[in-house]
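Protein sequence lines, in the order shown, are assigned to chains A and B.
Counting in the working numbering, the first sequence tops out at residue 763, every number present.
Counting in the working numbering, the second sequence tops out at residue 763, every number present.
Misleading hints may appear alongside valid ones.
Which copy? The list can't say, so a pair holds if one copy fits it or any two copies do.
[To be verified] Derived lysine-lysine pairs resembling DSS-like cross-links, with alpha carbons at most 25 Å apart:
hint, residue 1, residue 2
1, LYS734, LYS669
2, LYS662, LYS533
3, LYS449, LYS159
4, LYS555, LYS741
5, LYS526, LYS449
Please keep in mind that the hints were generated in silico from the structure rather than gathered at the bench.
Number of protein chains: 2
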Amino acid sequence: MTSEATTLKGKPLDRAALDSMLRRRMFYTPSFEIYGGVAGLYDYGPPGCSLQANVIDAWRKHFVLEEDMLEVDCSVLTPHEVLKTSGHVDKFADWMCKDPKNGDIIRADHFVEEILESRLKGDKEARGQKVEEKEEDPKKKKKKIKGAIEAIKLDDAVVQEYEEILAKIDNYNGTELGELIKKYDLKNPATGVQPSPPVAFNLMFQTAIGPSSNLPGYLRPETAQGQFLNFAKLLEFNQQQMPFASASIGKSYRNEISPRSGLLRVREFLMAEIEHFVDPEGGKKHPRFSEVKDIELVLLNRETQLSGKTDIQRVAIGKAVEDGTVDNETLGYFLARIHLFLKKIGVDQSKIRFRQHMANEMAHYAADCWDAELFTSYGWIECVGCADRSAYDLSVHAKKTGSPLIVRQRLPEPLVIEEWQVDLNKKKFGPHFKKDGRTVEAAVEATTQEQRESLAKELNEKGSIILEVAGVGEGKVEIPKELIVIERRTRTENVREFTPNVIEPSFGIGRILYSLMEHCFWTRGSEGGDEARLVLSFPPTVAPTKVLIVPLSSNDKFTPICQKLSLKLRKAGVSSRIDDSSATIGKRYSRNDELGTPLGITIDFQTLQDSTLTLRDRDSTKQVRADEDKIIAAIKSLADGEKEWKDIEAELPAFEGQEIEVASR
Amino acid sequence: MTSEATTLKGKPLDRAALDSMLRRRMFYTPSFEIYGGVAGLYDYGPPGCSLQANVIDAWRKHFVLEEDMLEVDCSVLTPHEVLKTSGHVDKFADWMCKDPKNGDIIRADHFVEEILESRLKGDKEARGQKVEEKEEDPKKKKKKIKGAIEAIKLDDAVVQEYEEILAKIDNYNGTELGELIKKYDLKNPATGVQPSPPVAFNLMFQTAIGPSSNLPGYLRPETAQGQFLNFAKLLEFNQQQMPFASASIGKSYRNEISPRSGLLRVREFLMAEIEHFVDPEGGKKHPRFSEVKDIELVLLNRETQLSGKTDIQRVAIGKAVEDGTVDNETLGYFLARIHLFLKKIGVDQSKIRFRQHMANEMAHYAADCWDAELFTSYGWIECVGCADRSAYDLSVHAKKTGSPLIVRQRLPEPLVIEEWQVDLNKKKFGPHFKKDGRTVEAAVEATTQEQRESLAKELNEKGSIILEVAGVGEGKVEIPKELIVIERRTRTENVREFTPNVIEPSFGIGRILYSLMEHCFWTRGSEGGDEARLVLSFPPTVAPTKVLIVPLSSNDKFTPICQKLSLKLRKAGVSSRIDDSSATIGKRYSRNDELGTPLGITIDFQTLQDSTLTLRDRDSTKQVRADEDKIIAAIKSLADGEKEWKDIEAELPAFEGQEIEVASR
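Turn these sequences into a full structure, and let the hints guide you.
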């Protein structure tokens, strides 16, 4: 799979070389490394931290500011009751087994899957068929079970059984997985024994809040719940106007059983989540959908996935919503906006696709879900989820707490409703039914319109009705007409109440950063006589540092010029770094290629004479020369994303001299 | 104490009114409120979140960018071993007691203190002396013990004993506090019984990392440890240059026993911390100290605190370092820079002081510490700590892990050292001592220069030496001269190795935000005939939203103008909000006064004719009128902090018309 991934220039991507450079330049580093590290925990060093801050800044501008979203910052510590209600305590878990011999912890579904797959491979080998390596599925977080494939032929019926199991592997619960392990005698190749029956392992980190341990809590697995719990206040803050969105940027936590894949599967991660609250009626239209309708996306829907087709077409989102591929405008609007965001920060356009979740793959709360997947050396990676959570969360929290998490809208004109209503004669009703009074009353209130219609008829005809009431008498009671009136009446409603649905674009910032680093990576070596030089071609808007300032030599006269320039750039809101080390200019530029610094300013002896500076473009290594003001203006327009290098080249005179020296160092 | 705090205009501050407004406008809100809330956990709503983001942005510019600090983003989840080494597992704890009758959890030191104080008050009452309310000490996080003061006279000797205990209340450990409770029969007034003996309660939230519970971990209590563990990599990233600073912005956690005081004492909080690594030799000079030396600070040192003086003077930091009040330039430099930062974001200059920690008050790692305290209705609140952590952290982590967390510096000229050296004849040494060989060798290596001098003499005189070696023979061994040479020789050192000291400015962002909200708060009521209107006068640079756009009426012609203007402001990097609700202009401005929006643009019928706009200043309610470009340029210069309103008033023509209408609505 690694071999399929490519650099920015289309060459095969050498992940090991990239990874080693990212660590050397401290984009990231394993946390607590001098203590041996902890799987799934990473620190960002200065360039990684700056890249992250710039991507977050771009995100905030693209989503929060552009659409007046209500940003909130909620607690990570979350009491048990909240996550019990949301379903996370019961359902946010994986099934795990323990190897009784060596104590290995094994994810049950992955274990069954891998052993059966390995047996099928062995069968193919025994039959002399070619064993194809199945494409690694990035959605699955397998801990590879080590063990050689044995060429053993299976009965045809067994092969079919195995294949049927594998086709629905995601649907088994723990008990069923345990039964499969027993039935097929699945053994851990490392020890030769069957693992213990699967137990649920909840993926949330648990802790206790306060000095007495009576308030168990968790680190949130998503930022969403905090936004839902604040719904009523946010609606009030938005002056009761719908639709609106809240947004939140913050860390979330998942206690993965066995984290791997570097920055892609970690236990602590930064998320940026939007909860867009929309009226479920009226087709979930979006007022700005027309702005994005012509944007073309690569869409991989359920049917295409099931059919196994690979000739995926780019489709305008307007058309996709029209033909029902994407359910509604709001979902479609956000898919397009996500696409534009990813494009803006420098993700390779040929390595984005939107994949619809299969029914059995969705989170417990989702009604529909599309993932923005980015292609990397680990395969297609889910980087942004865009789920329709329906009214699930608001409903369960409202039910649990009694807080009305609803929208009340004055109707344009009052709604006149004709319906069957029931009145009870309270004075007589209580004494008549005594201790059963309330139970019977509740049963009456619970009757449907259809029941009331026939009950009215019965009452009219017989002078009493017979109602089923569980737990009273023999399960039926008779209510005489002195106690009850059932009539068809009209009622006027001025206000409509509804629970909004939620469309949730949810961004895994760490995964986006890693994919971006792969997409921007290339080696300069193939394009010159020089040894291979690694480059990260981040767009200037998100690059960690925008400008490298290099004095030609360590001549003291250059120092004040560098500092003055750095100060001016800082005032213009542009981050720069001076490298006045004794290394050659080539070495210094090379270091900054690795850091992804898009621009370089060389200060040379001509600068001392006429105050002109050369500005160098990282990607083309072309240079222009002009006075300070023009150079700073050029830098600012590049850093703000207003211009590209070709615009600058067209405006300012080219400079050839310096680059020769760099190349010939 | 509340009565002493004042508004921005010097009037008594009504904390209840402010607090109610802050919640109503969703600056903050108790987390999980619909579930009853959890003490010490708060969410920031849209304006609070935006204020926080702007303060963080200002912090990053003022510190990280201005001084090329190396920002890192490290894991919150931290394994036990790291925090065991740093001392947090053993020392980051409070002593707590339990009331056996009602189960109340009580902080032991606060309990002893409050009961003794209450007895002393009772004694004074019994003696007919005036009982003065002691100034509330914001450093102490007391849970007030409820109970009436009984007027009981105490023996003079007992009074003296109590006073002596209170004077050193911070120095007692748990056992001692327990003895005090027994000796003086201190009872919880709520139940009339003695609480249980104090037990240590560690303030860190504990959890388990991974599926097997063999990796206990904590939520970090500070961001500092992650920075220390990365020291060697950061030094390498900084190309081995000293001094340098790392910085980190992120959440930390403290499981307070009984959190109170709203946003001031919480369990989850945002910190911004700097670790400035400096050579301990050479007086900890700072290269940019001269830039800040004339800045005057209010300094409250240990001696002044002990003497009980209150006539505190403003002192230039240069003088304070010179006379030793502040230990060194680097510490002094950061105190001044902290002061400038607080000033920049709008903290009231008359409500800042720097207080030196008393010896018994410092964190376990600190060598010296000054707090920037801000005055609020809760008293003086520690908002920024500036500690000299010496080489403590780097040393303990290096010792525990064996990683060299040191700086190696080439000496300007080689250092020639004359010293006693020992050579062993390895070939004969091993066979001679057999199994004890290594132990004896280690004992020889461990000898000091003084010992070696006398051993050389002994060897020379007697032909052998007698050395004490624990655990070998009878604790002494004889080493003949065939096995050992002890000589005075010279050795040349080209490199100096040292462990840097750390100066740590540590910002509690939540506390700063709360203090800022108090400092910027005032009521407009007293200045007009109108009913009291609450205002938050944030500086434009940190205000959550910069501009309110208000169309004069709901006329459809205004809508496109509002949207075009909003878009232009967004492109200029200025956040705005349109309020086209049907409320009066006065009401709409009033709402935004409460949100701290510094500027307002009114779009009226004249705008439709000549495209001019009025710009209103929140604080003075003065207005100017000009065309769109001039108004946007004015707004941008205000939002960037380049100009003040008086500059705008001097540049653009005043507009009187609209304000009359607003006032007379």
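Give me the numbers of the hints this structure contradicts, sorted from smallest to largest.
Violated hints (numbers, rising): 2, 4 and 5; every other hint is consistent with the structure.
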